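Protein chains: 2
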Amino acid sequence: MATSDVHPLDDLIQALRRLPGVGIKSAQRMAYQLLQRDREGAQQIARALDTALEAVQHCEQCHTFTVGRLCAICQDESRDTARLCVVETPADLAAMERTGAYQGRYYVLMGRLSPLDGIGPRDLGLPELLERTAQDGVQEVILATSFTAEGEATAHAISEALKSRGVHVTRLARGVPVGSELEYVDLGTIAHALSDRR
Amino acid sequence: MATSDVHPLDDLIQALRRLPGVGIKSAQRMAYQLLQRDREGAQQIARALDTALEAVQHCEQCHTFTVGRLCAICQDESRDTARLCVVETPADLAAMERTGAYQGRYYVLMGRLSPLDGIGPRDLGLPELLERTAQDGVQEVILATSFTAEGEATAHAISEALKSRGVHVTRLARGVPVGSELEYVDLGTIAHALSDRR
Ligand SMILES: [Zn+2]
Ligand SMILES: [Zn+2]
Chain A
54 MATSDVHPLD DLIQALRRLP GVGIKSAQRM AYQLLQRDRE GAQQIARALD
104 TALEAVQHCE QCHTFTVGRL CAICQDESRD TARLCVVETP ADLAAMERTG
154 AYQGRYYVLM GRLSPLDGIG PRDLGLPELL ERTAQDGVQE VILATSFTAE
204 GEATAHAISE ALKSRGVHVT RLARGVPVGS ELEYVDLGTI AHALSDRR
Chain B
54 MATSDVHPLD DLIQALRRLP GVGIKSAQRM AYQLLQRDRE GAQQIARALD
104 TALEAVQHCE QCHTFTVGRL CAICQDESRD TARLCVVETP ADLAAMERTG
154 AYQGRYYVLM GRLSPLDGIG PRDLGLPELL ERTAQDGVQE VILATSFTAE
204 GEATAHAISE ALKSRGVHVT RLARGVPVGS ELEYVDLGTI AHALSDRR
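Top line first, the protein sequences correspond to chains A and B. So the first sequence is residues 54 to 251, counted in this note's numbering. So the second sequence is residues 54 to 251, counted in this note's numbering.
Just chain A, with the same shape it has in the complex:
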């Protein structure tokens, strides 16, 4: 649906549609809002995108977002390298960290298995995960993917692959309410689920 004869505006609306969950109607509303009432916000978004594209990379070891080669946690030699916690996103990693109950390291999948969205094991770096658990003296892999259908499927796939290699695999206990995303769970519940892991 063409909205005007103004090409830069139509280009902006089309560009905004690349944001997940944003259709034509939302993209229009966003473009109008930015150009009409929040030009400063538009500049802020453009600058933040440029800066993030330039600066943000993946940690070579755990794959979370970071500005250097290695993230702060992977650089921290006081962390317990025998334990590796597998999470879906950097936000989930941050939630685990806020509990203060975990001193091991992480592996961030940057997603979860989702055949419908074309996200398979390779997109989540599962081959590298298997390699890393084999090399780095990892004794326990703690699966902290979401307790959703896709998160459980992801945990299951990782669990099967690791168990066949003799790695000790645990899963956060079901103290975490089923159907919820880790990031929104209160810290006490996450801490309990961690200590009750099986």
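For the record, the hints were derived by calculation from the structure and aren't laboratory data. Careful, some of the hints might be misleading.
Copies of the same chain look alike in the list, so a pair counts if it fits in one copy or across any two.
[Said to hold, decoys possible] As a list, the in silico SDA-like pairs of lysine to any residue whose alpha-carbon atoms are at most 25 Å apart:
1. Lys216 / Asp189
2. Lys216 / Val191
3. Lys78 / Arg185
4. Lys78 / Val120
5. Lys216 / Gly178
6. Lys216 / Gln97
7. Lys78 / Asp176
8. Lys78 / Arg92
9. Lys78 / Tyr237
10. Lys216 / Arg136
11. Lys78 / Ser212
12. Lys216 / Leu183
13. Lys78 / Glu93
14. Lys78 / Gln67
15. Lys216 / Arg100
16. Lys78 / Ala246
Remember, it's a predicted structure, so these values are computed and weren't measured experimentally.
We have chain A; now place chain B with the ligands onto it with these hints.
Positioned in the frame of chain A, the structure of chain B with the ligands alone reads:
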């Protein structure tokens, strides 16, 4: 809520929250999606924002978005200057144009009265609208704002201001949408269609 120790990422998430209807959770999802799976899209959005901020202005006459001083419609001397159609957005203007049923000119409010959002008559350029109808030989102002509470309030405010100046004001008819079956139309619409029968 800090999501990581990566400042450019947090900055991006904060920036994306300036988009209308985007909360912390959506902003995170957007930032991860762009950095993880759609860096090209991120570049496209940043470039489109820069270009639009640079190029897109308001038409001096009707206030719609345009790249020059005047939009194509305001420049078109074959349009009927005696009729002025008041719409909320450039998208509404485009919808009117697609009907092919209107040959007059427009005034684009770029919004509607919304006291809760702090959008008052001055933000919609109502003083300029009154001025324009007084100057340009406008004989009829057609109110084509939305048929929502805010759109109706906007139409009412404009109507009162113009009528007190002796301008002929009309409103798009309310009624049953073409092609729809009566039993599926909401009762309020049917009631209006009945009272507006002609
Ligand atoms: Zn790392
Ligand atoms: Zn114009």
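Here is what the structure says about each hint:
no.	hint	verdict
1	Lys216 / Asp189	within (17 Å within a copy, 80 Å between copies)
2	Lys216 / Val191	within (13 Å within a copy, 79 Å between copies)
3	Lys78 / Arg185	neither (45 Å within a copy, 30 Å between copies)
4	Lys78 / Val120	between (35 Å within a copy, 22 Å between copies)
5	Lys216 / Gly178	within (17 Å within a copy, 68 Å between copies)
6	Lys216 / Gln97	neither (47 Å within a copy, 43 Å between copies)
7	Lys78 / Asp176	between (31 Å within a copy, 22 Å between copies)
8	Lys78 / Arg92	both (20 Å within a copy, 23 Å between copies)
9	Lys78 / Tyr237	between (29 Å within a copy, 10 Å between copies)
10	Lys216 / Arg136	within (15 Å within a copy, 76 Å between copies)
11	Lys78 / Ser212	neither (42 Å within a copy, 28 Å between copies)
12	Lys216 / Leu183	within (11 Å within a copy, 76 Å between copies)
13	Lys78 / Glu93	both (22 Å within a copy, 22 Å between copies)
14	Lys78 / Gln67	both (11 Å within a copy, 22 Å between copies)
15	Lys216 / Arg100	neither (45 Å within a copy, 47 Å between copies)
16	Lys78 / Ala246	between (41 Å within a copy, 23 Å between copies)
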